[in-house]
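Residue numbers (our numbering), protein chains in the order written: chain A, 1 to 264; chain B, 265 to 510.
Don't read these hints as lab results, they were simulated from the structure.
Just so it is clear, the structure is predicted and the values come from calculations on it, not from any experiment.
Incorrect hints may appear among the rest.
What the hints assert, rightly or not - Selected chain A positions facing chain B (in silico; Cβ < 8 angstroms): (1) VAL28; (2) TRP29; (3) ALA33; (4) ALA81; (5) THR84; (6) ARG144; (7) ALA147; (8) LEU153; (9) PRO155; (10) ARG159; (11) ARG166; (12) THR209; (13) MET213.
As the list claims (entries may be wrong) - If you anchor each label on the Cβ, the simulated ranges turn out as follows: (14) A/LEU261 - B/ASP281: 32 to 42 angstroms; (15) B/ARG360 - A/LEU53: 13 to 23 angstroms; (16) B/PRO321 - A/LEU170: 52 to 62 angstroms; (17) A/ARG208 - B/PRO476: 31 to 41 angstroms; (18) A/LEU104 - B/GLY388: 54 to 64 angstroms; (19) B/ARG328 - A/ARG31: 55 to 65 angstroms; (20) A/SER132 - B/VAL342: 15 to 25 angstroms; (21) A/ASP164 - B/GLY420: 54 to 64 angstroms; (22) A/ALA263 - B/PRO419: 53 to 63 angstroms.
Beta carbons: idealized from backbone N, C-alpha and C, even for Gly.
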Amino acid sequence: MLDDFMTRAALGGIGTALAAAPLGCFVVWRRMAYFGDATAHAAILGVALSLALAMPIFAGALVIALVMATSVTLLSGRGYAMDTLLGVMAHSALAFGLVAVSFLEGIQLDLMAYLFGDILSVSRGDLGVIWSGAALVVGLVAWRWSALLTATLNPDLARAAGIDPRREELVLTLALAVVVAVAIKVVGVLLITAMLIIPAATARPFARTPEAMAVIAAGIGMAAAWGGLLVSYRLDTPTGPTIVAVVASLFALATLGGRLLRAS
Amino acid sequence: MSRRLVSTRGLTVRYGDSTVLSDVDFHIDRGEIVTIVGPNGSGKSTLLRALIGGLAPASGRIERAEGLTIGYVPQKLVLDPTLPMTVARFLSLPRRVASRAARDALDQAGVPGLERRQMAALSGGQFQRVLLARALLEEPDLLILDEATAGLDQPGAAAFYRRIEQVRRDTGCAVLMVSHDLHVVMAASDRVVCLNGHVCCEGAPQAVAAAPDYRALFGEGTRGALALYRHHHDHDHDHAPAHEAS
C-alpha cells in the first residue's frame with residue numbers, strides 16, 4: 001500500500017495536520033502566530049545546516065527551530081516588544097538561511113521544495129518521522145492539556161494552582177519546533193503557520209469548549225490535507241499551496257456560514 | 265497545620281532598577297480576613313504575586329504553610345475571543361471536578377445554574393462570581409482576591425463582599441484581598457494593611473482609618489473611605505521608595 005506515492009503523500013499530509021491543528025489552537029489562543037512564523041522561517045537555516053553537515057533534514061530543522069523558539073522566549077520582555085523582536089528574528093532567520101543555502105556548492109538543491117513543501121516525494125522513512133513527530137506532539141499536548149489551558153488563561157491563576165507557566169510555555173515551544181520540523185516536507189517553511197492557524201480559526205465558530213475546538217480543528221486540517229492532495233492531482237498544481245488554499249477556502253465558508261447562521 | 269498560613273520577613277521585590285516593595289513583614293493566619301490598601305503603584309498586586317510564588321524576592325523570605333492550597337481570583341481575566349469556554353469547563357481547570365461539586369460551587373458563589381453558558385456571555389458580576397466559584401473548588405485554606413470587584417458597581421461590589429464573608433463563615437478559609445472599595449471592605453476585615461512600597465500601618469480597620477500615616481496617604485475628612493477613588497499620590501512621604509512601577 002505504501003508503494004503508491006499518492007498514499008504516502010496522503011498519510012504524510014494527514015499526519016502533519018493531526019499534529020498541527022491542536023497545537024494551532026494554542027497558537028491562536030495565545031496569539032503566537034508570528035512566533036510560529038519565526039520558528040518556521042528559522043528552519044530553512046536548519047535545512048542548510050543539515051545539507052552542509054550531511055545530517056537528516058529533520059534533525060537540523062528541529063535543532064534550529066528549537067534554538068529560535070527558545071531564544072525568542074528568553075529574549076521577550078527585555079526591552080523590545082515581542083512583535084518587533086519576532087519581526088527581526090523571523091525575517092533575518094529566513095534571510096540567513098537562504099544565504100547559507102547559496103554557499104552549498106555541489107549540492108543539488110531544490111529550494112522551492114523546502115519553501116513550499118514537496119509532499120509527493122514523501123518516502124517511507126519520511127512517513128516514519130512525520131508520524132513519530134505527530135504522536136509526540138499530540139501526546140505532549142494531551143498530557144499537559146489542563147495545565148497549558150490554565151496557563152493560557154492567566155499565568156497567576158496557574159501559579160496559584162501550583163502550575164509553573166514558564167514550564168508550560170516551554171512545552172509549547174518544544175511542540176512547535178517538532179511540528180515545524182515535521183511539516184517542512186509537507187507544506188514547506190513558508191506555509192507551516194497556515195496549517196497551525198487556519199484549521200483552528202475555522203473550527204472556532206463550531207466549538208463550545210477548548211477540547212471540541214481542538215478535535216474539530218484536527219478534523220478540518222486532515223480533510224484539507226486529503227482534499228488539497230486530490231485537487232492538486234486533478235489540476236496539476238503545487239500540492240503544499242493547494243492544501244493551504246483548500247483550508248483557507250474552508251475558513252472562508254465557515255466564517256460566512258457562521259455569519260449567515262447568526263443573522264437568520 | 266499551624267495557624268500561620270503565609271508570612272513574609274523583610275520581603276523586597278524589584279522590577280529592574282525600581283524597588284516596588286521594600287522590607288515588608290506580612291502574615292495571614294487561618295480564618296482571617298485581611299485587606300491590603302494603598303495608592304496606585306504601592307505594590308499591592310506585587311505583594312499578592314510574590315505570595316503566590318509568581319515573583320522571586322530580591323531579598324527576604326516568604327514562608328508558606330506546608331500543603332497550603334490557594335484559591336486565586338485575579339483582578340481581571342481576559343478571555344481571548346478565539347477561546348471557547350463554558351462555565352462548567354472553566355470550573356474544571358486545572359483539575360476535573362464532578363458536576364455536582366461544580367453546581368454547589370456556583371450556588372455558593374451566588375450564581376446557580378450557569379454551567380452551560382459561555383464565559384464570554386456573562387455579565388461582569390456573574391464573571392467575577394464564576395471566578396470565585398472556581399477558586400472555592402480548590403477548597404482553599406487561603407482565598408486571594410486582587411481587586412476582584414474592579415468592574416462592579418457599588419451594590420454589586422457590596423453583594424460580592426457579603427458573599428465572601430458568607431464563604432468564610434461556611435468554609436473557614438482565610439481571605440486576603442486588595443481593594444479600592446474601602447468603605448465596603450474595611451468594615452468586613454479583621455485587619456487592614458496599608459501599603460506604600462512598605463507597610464505604612466496596619467491593624468483593625470478603625471485604627472488604620474484613624475492612623476496618621478494612613479491619613480497622610482488618603483487624606484482627611486472622609487476617614488479615608490472614598491478619597492482613594494481620586495487619589496493621585498501627590499503628597500510627600502518621608503521614606504517612600506520609588507514606586508512608579510507596579
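These are the hints, each one checked on the structure:
1. Against a cut-off of 8 angstroms between C-beta atoms, the interface hint on A/VAL28 holds, since the closest Cβ of chain B lies about 5 angstroms away.
2. Satisfaction of the interface hint for A/TRP29 is found here, the shortest Cβ-Cβ separation to chain B being roughly 5 angstroms, below the 8 angstroms cut-off.
3. Because the smallest distance between the Cβ of A/ALA33 and any Cβ of chain B comes to about 11 angstroms, over 8 angstroms, the interface hint for this residue is violated.
4. With its C-beta approaching chain B no nearer than about 16 angstroms, A/ALA81 sits outside the 8 angstroms limit, and its interface hint is violated.
5. Residue-level restraint check for A/THR84 is violated (minimum Cβ-Cβ distance to chain B is 19 angstroms; threshold 8 angstroms).
6. Violation of the interface hint for A/ARG144 is found here, the shortest Cβ-Cβ separation to chain B being roughly 10 angstroms, above the 8 angstroms cut-off.
7. A cut of 8 angstroms between beta carbons decides the hint on A/ALA147: the least distance to chain B is about 6 angstroms, and the hint holds.
8. With a cut of 8 angstroms, the hint placing A/LEU153 at the interface with chain B holds, because the nearest CB-to-CB distance is about 7 angstroms.
9. Interface restraint check for A/PRO155: the shortest CB-CB distance to chain B comes to about 7 angstroms, inside 8 angstroms, so the restraint holds.
10. With a least beta-carbon distance of about 5 angstroms to chain B, the hint placing A/ARG159 at the interface is held under the 8 angstroms criterion.
11. Nearest Cβ of chain B to the Cβ of A/ARG166: about 10 angstroms, over the 8 angstroms cut. The hint is violated.
12. Residue-level restraint check for A/THR209 holds (minimum Cβ-Cβ distance to chain B is 5 angstroms; threshold 8 angstroms).
13. The restraint placing A/MET213 at the interface with chain B holds, with a minimum CB-CB distance near 6 angstroms, inside the 8 angstroms limit.
14. A beta carbon spacing of about 54 angstroms between A/LEU261 and B/ASP281 contradicts the range 32 to 42 angstroms that was offered as a hint.
15. In this structure the supplied range 13 to 23 angstroms is violated for B/ARG360 paired with A/LEU53, their Cβ-Cβ distance being about 47 angstroms.
16. Take B/PRO321 and A/LEU170: their Cβ atoms lie about 23 angstroms apart, and the range 52 to 62 angstroms is violated.
17. Distance hint for A/ARG208 and B/PRO476: a CB-CB separation of about 56 angstroms, inconsistent with the stated range 31 to 41 angstroms.
18. Between A/LEU104 and B/GLY388 the beta carbon distance is about 59 angstroms. The supplied range of 54 to 64 angstroms therefore holds.
19. About 33 angstroms separates the C-beta atoms of B/ARG328 and A/ARG31, a value inconsistent with the hinted range of 55 to 65 angstroms.
20. Separation of A/SER132 from B/VAL342 is about 37 angstroms and departs from the stated range, judged on CB atoms against 15 to 25 angstroms.
21. For the pair A/ASP164 and B/GLY420, the supplied restraint of 54 to 64 angstroms is violated, since their beta-carbon distance comes to about 34 angstroms.
22. In this structure the hint that A/ALA263 and B/PRO419 lie 53 to 63 angstroms apart at CB is violated, the actual value being about 36 angstroms.
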